[in-house]
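Here are the chains, one letter per residue:
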Amino acid sequence: MSVIEALKNALPKASVLATEEQCRPYECDALSAYREKPLAVVLPETDDQVKQVLRICKAYQTPVITRGSGTGLAGGTLPLKNGIVLGLSKLNKILKIDPLQRIAVVQPGVRNIQVSEAVRQYGLYYAPDPSSQIACSIGGNVAENSGGVHCLKYGLTVHNVNSLRVLNMDGEEYIFDEKDDGVDLLAMLNGSEGLLGVIVEIKLKLLPKPEAAQLVMAAFQSVNECAEAVTAVLKQGIIPAGLEMMDKFSIQAAEDFAQVGYPTEAEALLLCEVDGSHDQVQVDAKRVADILTAEGAYKIIVSQNERERVALWQGRKNAFPAVGRYSPDYYCMDGTIPRSKLAYVLEEIAKLSKKYGLRVANVFHAGDGNLHPLILYDANKPGELAQTERFGCDILNLCVDVGGTITGEHGVGVEKLNSMCHQYQGAELEIFHGIKAVFDDTGLLNPGKAVPTLHRCAELGHMHVHHGELPFAHLERF
Amino acid sequence: MQQQFNQMAEQIKEAAVDQKTLQIVGGGSKVPLKNDAELLSMAAYSGVLSYEPSELVITVRAGTTLSELHQVLAEKNQMVAFEPPEYGNSTIGGTYACALTGPAKPFRGKLRDYVLGTKLLDGQGRELNFGGKMIKNVAGYDVSRMLAGSKGSMALVTELSLKVVPLVEEVTYRIEMPECDAIVLMNQMAGTSLPLSGSAYYRGYFYYRVMGAHPKQTNRVGVEAVDNSIWQILNPFKPVLQPGQKLWRLDVESTNPCIDGTLAVGMGGTRRWISSKNKPEHPYVTLWDDRFLPRHNDGKGVKKIKQGLKKVFDPHHVFKDL
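Quick note, the sequences are listed as chains A and B, same order. Take the first sequence: its position 5, counted from the start at 1, is 5 in UniProt numbering, and no numbers get skipped. Take the second sequence: its position 52, counted from the start at 1, is 52 in UniProt numbering, and no numbers get skipped.
One chain only, chain A, in its complex shape (with noise of 0.2 Å):
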């Protein structure tokens, strides 16, 4: 019997799909540029039917690609010829709602967006609040630690999960818990790629929805003004609930898609927005406007009602699309520097845009120091995607130079294995692939996923090599 076929046996029939018409549109989630059609996609609807799963797939030697709504822009859920994906979306039930002590329990294939709809009614929300939140599912989240506008204030996912239940190869449940004692698993689960098992439940965070917010446009005619009144502020003792920077080519291209009054003349636009109670806010607002006046803002906005506030956030939350539009395909890609180093970074991105000749908009999460180049490229110009990718490597070596890291928000996947030789020597790595063994001693979890294989980081020229020693000499490498 094949692994399709024990999977058939054990599950609906709907559950297993397995034709080339079926599988197509897992081939890939929203990282479209790398592309694989698995074995078969199973699609379970019950917690039994994964543990099930798991088993078969461990019987059969069969890699399993935990799958969420397919979201993720750094193809870590690219699935495998020989793999099959294991896709959470049926399990999309809100299992318990605690408004008192202000928690959500979840199963995986919720929607992010789904959780605070759901709790709205008490004045609650879930804070992490990725740009797919409309979409992306809590598992995926999870697996990322996805961050957001407003996690600078609220946190990534990490910050905003109690608990977690897990499954391993074997289909064997773990709860990893906050309360827990010794070495903190949960935190080391957030972020884990799908390489450490598989997520069942999760008990979220609710917060109080605050009072009142207003958001603050500035206008700059230097990035590097605009950098400064960002330091600024945070000086001031100001931590925003979002803090957004967009350059002159995503300004243009974001009001051009959706008018909504941003001074496309400018070299530099900034979005602040405060929130919490209505004294607090008012305090906030003027003090935040008065203090990008002094760092140099030419032209200011506050938001004066609710309607103001929103419709001055859809051009920014429309970045992305707006400067598609541009261009048959786009790469976003996602590093984090320190903020002063952000005009020399700028600086650079547009001399490695001019070597490559791709044209690049830059969006940033200005109070955490997040980045996201997109590079304009088109996929049906032979070799443009690999000019692409070289130059989307460059950004993140130059993140890495200037003190940051290669993904801020993004996770590694597929996508940044190459530059994760370049954040890490051979030494973590090695700790890293301990730290998957001890989870995952079969490797059948997302195999090949987020930490690079010491010989690729050989080959890379990356490897550490100390007093002429080669560490792991007894590796093969080739």
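It is worth saying that the hints were derived from the structure and are not from the lab. Possibly wrong hints are sitting among the right ones.
As the list claims (entries may be wrong) - Computed Cβ-Cβ distance ranges for the label pairs, DEER-style:
no., chain 1, residue 1, chain 2, residue 2, range
1, A, K381, B, H317, 53 to 63 Å
2, B, E253, A, A135, 27 to 37 Å
3, A, E173, B, I233, 33 to 43 Å
4, B, H282, A, E173, 43 to 53 Å
5, A, Q221, B, G88, 17 to 27 Å
6, B, P239, A, H455, 56 to 66 Å
7, A, E348, B, M79, 28 to 38 Å
Nothing here was measured: the structure is a model prediction, and the numbers come from that model. Think of the CB as a built atom: it goes at the ideal place given N, C-alpha and C, for glycine as much as any other residue.
Fit chain B to the supplied structure of chain A, relying on the hints for placement.
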């Protein structure tokens, strides 16, 4: 300091060869010392390595005392949001090793939420770096946060990069009421937009702390403004006990009803301090017998994972067990 770092690496390598056990110690205020272990002192490995107020990040050596950390941050109007308890000459390394967080935990988050990166020496004396100085970083497993709470059993963490926050003005209020009512009220209040940074119950009073600009509280019946000293009484909590009684720390759901023998309720209802002779029946109980004693209440599977991780970081079993 580099010399001291190298010496520590050597001490670990030698211990691996000699099959000796090392116990990492900072100020020595929290975890009991093992008689059969050689000490690896971190107390002198201290000092601020870098501090960027505008980036909201500070990097310190693990032996840095909390008082020094607070002082350096206060000079720039900033603070560590997790309010670590001061047990007497406490270091940031020991606080991290024990994952200790103060009263603002349900509102501003716990210690590991503010850990961005670490430098460490593993059980082979190798220098490793995990995470970084960025608020966002999802490259590789989050080892820096995972090791919070490992109590020196896995690796010697030598440096920590922490996210810091602006120093805020906080005001404390109290209302006299029974404990059970206070537990409900503290949960109800936490679901409102009032910017809370602490709530607790102690000796007949419900206490709550509010940060920044907020609606006037003393208009409410029975509410009086008090000074902020209650949070130091509860953090660290060191009550005088009756003979034969022990102090237990219970971590519970915030809405857990009153528990017999409770001396104080902290952290928005999620922390209960109980005085009793015997261990209370509860899944998350820690004996707080002058010092912090590990719980050992993991299920079989989780225990196996932790043992496996210990081998990854410390294959020669140099660091003491939990």
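Comparing the hints with the structure gives:
no., hint, result
1, K381(A) - H317(B): 53 to 63 Å, "57 Å, holds"
2, E253(B) - A135(A): 27 to 37 Å, "31 Å, holds"
3, E173(A) - I233(B): 33 to 43 Å, "41 Å, holds"
4, H282(B) - E173(A): 43 to 53 Å, "22 Å, violated"
5, Q221(A) - G88(B): 17 to 27 Å, "54 Å, violated"
6, P239(B) - H455(A): 56 to 66 Å, "58 Å, holds"
7, E348(A) - M79(B): 28 to 38 Å, "35 Å, holds"
Going down the numbered hints, you'll see the structure goes against 4, 5, while the others check out.
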